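Chains as they are written, first to last, in this note's numbering: chain A, -6 to 96; chain B, 2 to 162.
Please keep in mind that the hints were generated in silico from the structure rather than gathered at the bench. Please note that a few of the clues may not be correct.
Unchecked claim - Partial list, computed: chain A residues near chain B (C-beta under 8 Å): (1) S(-3); (2) I(-2); (3) F23; (4) Q38; (5) D48; (6) W54; (7) G55; (8) A57; (9) Y63; (10) K65; (11) F66; (12) F68; (13) G74; (14) G86; (15) S88.
To be verified - Away from chain B, derived, C-beta distances all over 12 Å, residues of chain A: (16) T(-5); (17) K69; (18) T92.
Quick caveat: nothing in here was measured; it's all calculated off a predicted structure. For every residue, glycine included, the Cβ atom is placed at its ideal position computed from N, Cα and C.
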Amino acid sequence: MTSSIRVRATANGDITEVQALIQHPMDSGFVKNAKGELIPPHFIQELKFACNGKDVFVADWGPAVSKDPYVKFSFKGAKKGDDLKISWTDNKGASDETTAKIA
Amino acid sequence: MTTTTGPHPTRRLILQGAASVALIGLGNLAFAPARAAANDKYPEEAFKQKSEADAIKALYGKAAEPSDKVKLDAPEIAENGAVVPISVTTTLDKVTSISFFVAENPNALAASYKIPDGTLPSIANRLKMAKTTNVVAIVEADGKLFSASKEVKVTVGGCGG
């Protein structure tokens, strides 16, 4: 199974820049389907990035985050070859995680 | 003998008292960051608030002051309200969290990010906007809240409109 998470983490000196794209419908609960019924809310609530056993970035999301969310941030203290672990859980209890090598 | 040991218990008591006061003081200091870390739970209540002010209060329990050190980057006009690229950077020190609010969305709080030590206070993401309104970024730095806001014109609604 392919992961829902695509990550690019690049170390430049002491600073690692991370860009992540996650496949998720992020249904807000305010949109109707073709039959005119409301699509129930379905969105990622928590997204975590951990490097060398330490959380480097934690996101709490509501339904107002766009479909197939994108996020970009940078952190210090990692080097090329380190593992970056990314995990999310959504409001229906589904989750996914992946590990990326910092390039 | 008894006369010399006389003052000792009191002095010891005073010292013990001082030591325990110092310990309590240290305990409080150590407790504050520990609580912040334990505060990792998803802020469900804050996400339910309709207005921006209520959401800020539910999330942080205090009000924010506008600051020119918070730089909010958002488009003047969003052609598609479902995908509005928004980013924030700040020159403030000791940033612990950054949150995004869309004033007239059904629920104002859109996203809240914790910034651990060593992570740069700079974030880009994409948010949905129901209609033309203010986007507000809140930066929590050194226990205080700083904000920046910008009006984004939305030509096509992002919430099914």
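Please write out, lowest number first, the hints stated earlier that are contradicted by the structure.
Numbers 1, 2, 13, 14, 15, 17, in rising order.
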